[in-house]
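Q: Fit chain A to the given chain L structure using the hints.
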Amino acid sequence: MANTILRKRRLIPGQTSELVIDAPHVAAKARPGNFVILRVCPTGERIPLTIADADADAGTITLVYLVLGKTTAHLDTLEEGEAILDLCGPLGQPTHIRPHDGLVLCVGGGTGIAAMHHIAKGHHQAGNRVTGIIGARTRGLLLFEAELAAVCDTVLVATDDGSHGRKGLVTHLLEECLGDGSPVAEIVAVGPVPMMAAVSEVAGRFGVPCLVSLNSIMLDGIGMCGACRVSVGGETRFACVDGPEFDGGLVDFKELAQRLTAFRPMEQQSYAEFQQHHVCRCAN
Amino acid sequence: MPEQPPKERVSNFREVALGYAPDMALAEAARCLRCKKPACVAGCPVGIDIPGFIAALADGDPRRAYAVIRQTNSLPAVCGRVCPQETQCEQACVLGKKHEPVAIGRLERYVADAFLADDACEELTGAPACPAGLEDVRVACIGAGPASLTVAGTLAARGIGVDVYEALHEPGGVLVYGIPEFRLPKAVVGREVAAMRGLGVRFFTNWVGGRTVTVPELLAKGYRAVFIGVGAGLPTFLNIPGENLIGVFSANEYLTRVNLGRAYAFPDWDTPVYPGKRVVVFGAGNVALDAARTAARLGAQRVAIVYRRTENEMPARREEIHHAKEEGIELFCLHAPLSFTGDANGRLVSVLLQKMRLGEPDDSGRCRPLACEGEYCELATDMAVVAVGTRANPLLPRTTPGLATNRWGYIGVDEETGETNIPNVFAGGDIVTGAATVISAMGAGRRAAATIAGRLLA
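Residue numbers (the working numbering), protein chains in the order written: chain L, 237 to 520; chain A, 27 to 484.
I should point out that these hints are in silico values taken from the structure, not numbers from a laboratory. Idealized CB from N, CA, C, for every residue including glycine.
Residues from chain L that keep clear of chain A, each with C-beta distances beyond 10 angstroms, as calculated:
1. Leu-302
2. His-360
3. Arg-375
4. Glu-381
5. Leu-392
6. His-400
7. Thr-407
8. Glu-411
9. Gly-417
10. Ser-418
11. Val-429
12. Ala-433
13. Asp-483
Stretch by stretch, here's where chain A covers chain L in the computed footprint (C-beta under 8 angstroms, at least three residues):
14. 261-275
15. 324-337
16. 466-476
17. 494-502
Chain A with its partners taken away, still in its complex shape:
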């Protein structure tokens, strides 16, 4: 798939991957063997009929290809871009055993981007007509990220009214505040939201679930069900000295400034972002890479990702690691932070690192990082981004009497139905699983929506 050249893209926020041209998509689709027992489908968290949509595309029927995907995937243009296909569908592709697997994600993106639906119903479902809206049957979603958007779109397409309450000023959740424009343009999310509005979904921004409105109040207002999809919570910090120096940011803050606040367009947009020149990023997931690549685009002279294991153990997508290295991001592996040092004004000037080595595999199957006693190094830095995960946001559970959570504060649900211990209150996404993927949040949204629709349309 064509990409912006690394030298060019590190100075802009436009999308890195440019998408297939029609002839490329058809050629790639023709590679699919149309297996009778497709392993790829089993590898997809939402079970898309992958050979089905690829065959339709290859046969010259993009409308059917789109409809096949939409049967089980509510956000194909998003998933085609940010799903870890290499550990899901594409890993299972039989072609991958000897050659490159079929580029399923890229084809999914192509179909979602290229197909122009006739109306909001077809846009959201691939079906030509959606049932008329039911009177007085409304469902509330709290949060407007991938889980809630999936619930909203799925229910709206079946005639159920949905009101989405979002705490920030823009719908989309992590798709808008977290994932950078260069991986997922906000226009892609905007298209989904517009289609949902077209089907009667109402978005109430600046409504904080648990503050402006609570779950019991929503039920009392007459909503037949409430879906909680409030996403991740407070960032985890490293818990080392100097962490509150100026110049040390959580990835959530750094990315929210740049993405939601469009700080890359400062001063045309008002939200400022810290102008780090020598940047270190702690963590090795997709969020860490997003932060590092963002810093490079904002003019950092040097960006290093500091990770206590090695590149092989990094949980980020391979493609994104590859992209990051192309853009000059250094991987500073086998190092762990010990302390930050600041100047008299409280500004970060350096970080002390402990050298590490790999030991035996731990419970997660990854090699355990062990400290090399007495071996340290100091990196000069004016900006550090901490991307080592998040905790559960306590706002919703705290204000929903009786809602069952586990000991980490995540909401408990029935895995089949998505329902919490409170009848007709559902939950899904990061507030249930802890930090996970867009597609798993979407899968949870589909399960909850199926249960809700089954009850309300029975």
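Bound-form chain L, shown alone:
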């Protein structure tokens, strides 16, 4: 059956899982940087998730999600052998990957590490030297370190509490990399909005191009509704068809962060009701 979950791995129990999904027609086209839109039940909402990996031969895509609201909580109730109701993609412009002489620094935070993995892998396969820089609050919340080690020449780790790798933020590690004199061709950052804003600021200071992958609110994801609009260099752009990746130095992160709160009260209401009843009210 289409969209069946073949493998499920609980990366952080109750919070983050990885799904390997049978979706040959999506896998055949999925490139680093692409995302999908999915729906879990007949009364469900469409949500975007970045493709963390794809295997065209096996016909599978990998998704990693953080349980943040009703739809991801419901998704997390699905087990191996069950199918995702609607899965649409691949969407968005793929990452522009070309051979570089210098290093590519791939920075990831939180669940964004998984999304960044696909991009790091793309650079690795293009023959680029890749340094992964990943961070989390604490060791138990750090994702994909081993997966990244397979596609990065070096992986640097930072945790807020110092329980693993360097104590501090990914931007500290980034500044050290940029300051040590080896030429850096490009920075890619995927993670929470404040992290991407901070990485873009550092990149700007060192004069290195920085690509960020934006997680704005989306509805159709195919260039019809304009919900995902972001200001980039003073112009309105659409993350679903123009992005989701943009020049971090030009993105209005404050506006993005505000726009992400547009439906917060309703999202909290949905999530609270779901946690209380733990059922999908599939009205059909």
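A: Just chain A now, kept in the frame of chain L:
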């Protein structure tokens, strides 16, 4: 025609117009003069034999009335509801010169709703039997809106297999994501789709034309023809300061949340919609009215349509303007937006408007709106909906090498055949014409289907 009373209907999403009872339909049908040279037929974009179907209805033969309509109209229950009859068939009706014209649209709806077909073939064509399906002759449609549904239904009824690839999770296109339930119940679209499935049409939802599958790939898979009916694209915004504040929505987003996402049923359905209390809508077409009337139903205390010309120039259907005013929607004419203002959290609090006046007629024949220098007013608002049109969706042209488009990105076709510059690739609807009507998309679908059938059945 009976309607839900305005006070009642502004708090629900059920259909406003309730349809004729049988005796009313027969009485209305009896008014038709059965003109020898019917002007109404010339006024219909798909040339329905209007006196023919009305006569059949009046003569007590609803099956024949249905068959007559179905000869040229693939979606009569839809068109009977959303066609602008007042500028088409009914405008041409000779009775209209001295009295009310025959209510052709309402009769069309009555015939389509009331007739119970024996099977999918009769449902789609009005004919008792459709030819058996041909082996290995398949056509692909991209998009499942009115243009593609017309191609699919027409070809399936002639024995040609059709696969429809739809990007959203539900077929119907604008009929499902755009036009609200209170004007076009989704069950009406569902009935058409079910009949097409009955004739072997396969619907593949969540397939994005140009992403999941491309036109060259479809041709390589062995489809004998591909029809592109992907509809409208990205919304046009006003391009004024503050447009990305929380609370400013495109009509596409607002309506898609409520219609496709059934946000009116939140939290039973998961998609949320913004709870605007003082709502302004920019634009004056049917989409603007749909958004305004939706906001009223979702509990807005005040809804104003802001338009830079006057009510006379509004492109929306008269009937819908009338309905909107009945529902308490204010028309704030001769004003144009200058800028939005937000609070510290980026939420919309007001819009600054420029007062306008009408000047001389422009190229479109409508009076040109001119700014009254120095005259402004500010409206307090927590939600704004921008309904000033859409642009071409670039996805399909971008991924179809060699496909000819005009400078606005719309696909070029031969007007007679509906064929693009690529052999056996056809296109129709909004991706060819820019934003237009359901019936014009359907007409384009019929032309393309006729060409395709002519080639494949020759």
